[in-house]
Amino acid sequence: MNIVVAVKQVPELQQIRIKDRQPVLEGVPFTLGKIDKNALEAGVQLKESNGGNLVVISAGNEEVEETIKEALAAGADEAYLVLDDGLTNIESSLSAQLLAATVKKLDDVGLVIFGEGSGDNYSGQVGSRVAELLGLPQVGYASRIEVEGNLARITRSLEDSDEILEVQLPAVISVLGDINEPRIPSVTQILKAGRKPKTIMDLDDLGIESSEARRIMTLSNLAPENQRKRITIKTVPDLAAALRTEGGRGTK
Amino acid sequence: MILIYSEKTELALELLAAACALADKLGSSIGALTINNDSGAKDLAAAGADTYLVTNDTVNQADAASVAGVLQQAAQRLSASIILLASNRRGKELAGRLAQKLDAGCLTDVTGMQAINGKIECTRNSLGGATIVTQQIESEYQVIAVSPRTYAPAAAQAGGQVQGLDIQAAVSAVKLISASKKSEDTADIETADILVIVGLGMEQADMELAHAIAAALGGELACSKPVATDRKWLGEDRIVGLSGKKCKPQLALVLGVSGQVQFTVGIRDAHTIVAVNNDEQAYILQMADYAMVADLKEVLPQLQKALS
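Chains F and Y, in that order, are what the protein sequence lines are.
Numbered according to this note's numbering, the first sequence terminates at residue 253, and the numbering increases by one at each position without gaps.
Numbered according to this note's numbering, the second sequence terminates at residue 366, and the numbering increases by one at each position without gaps.
Each statement offered as a hint is correct.
Here are the simulated lysine-lysine pairs, DSS-like style, with alpha carbons at most 25 angstroms apart:
id, chain 1, residue 1, chain 2, residue 2
1, F, K230, Y, K306
2, Y, K66, Y, K100
3, F, K197, F, K106
4, F, K235, Y, K355
No lab work stands behind these hints, which were simulated from the structure alone.
Keep in mind that this is a model prediction, so the values were computed, not measured.
Given these sequences and hints, build the entire structure.
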């Protein structure tokens, strides 16, 4: 059985600087989304307990071929990548089409695992869209996954309750960031990662146009304005006075 | 028509308020959908909404595909091109599935909407909260999931009514075995007027002082993510930030938090921010209304005395 984990390359968020309210992305290295690493770890654990082949899939610009080594070092057996320089900052609907078409290239897929949201946009749509495109059942916000034969038992964690659900494979699952603690790859794993098989595809291979109608138009993307008073406080009595005044104003 | 849906009536009432704010400018009518929820339908009608009640035991609320199938049919039947959902976990999972069924553009975690020239300009956090992006959906159908508490719930209003809507549902492939309420202490940091927020610059021995200061101010105690997930000093329901809760208190006292954007996104809508940190370079001091560079070990005991 193939266990598929879909990941997204995102800019290293800690290294994004803001200049004149604009985000500066030049020179910022790419990495995998934080919760994507939890999705990978979930895949690795299922492989350890149930066997199978762990395939990481991703769509993006040429840099993905380098970024994906993180996933291969973390325990994926092979990678299927859709690479095209036009695939930078693409919208969720196109990502979903590319990933669904990639999953279709694989036989005997049991699970397609996503993180609950990407590191940069955190929109959380792509897993649901891929499930619909593939006509598969989905369970989102998993905090636990167990597979027995052809059946997955999943704990879904909602804001105020937990649900235990069963679903026949194949199925699409999105996992929470606290489902597990991703392991740090060993030096040997990192060295081996470069030699693991990668299948590289372009848009033609999948019969998809990147120029198809855009569904989302971005009007602006700016850092919020800082309109704080920025008063310096030196003493605890002044601190207590400020707290009393500001806290006593009642509700907005 | 603008069609609104959330399985939680209190969130559906917020969506109703959001829809009302848009409907006039867009020249749209508003419809509210409820599934197997008679009392929710009555509450929405009491707030003035034309409410459509789907009664069908085959619909599985725990299956996004099942609910999306109902919404797709309802949207097409009622000629609703704008669908507003709540951006709670169920709503976000539903949003992507429904958008794909309708071949629609979709925005989730939306924190503001404005109707301009017939389009809806939506704002949401981007780049992990470093920026706020303004976007609009260009496709025929639009699916917008609105963050909880972005709008105050719609108030009682005359003119609403409930009518049945007959919708077919396919048998769900997801089976709900059991559901259980979370048993954590129910801290509601999102609605608190005053928050005292602690970070890794605190020592565990001083947590009691932090509790006492929060109590003296009449506020709730909250924390940055690692305080809950790594140190486990507080429950995860008290995390402020991108992967925790977005709070809008009147006053936030932020103690020993450096202020990375993943944290500040959860507090930047506070009316007043007071920050104490021993590192004068800490970013939190730049985004504070009152900033104090000091050692918490010295400040906290004195502050507790001064406030009690």
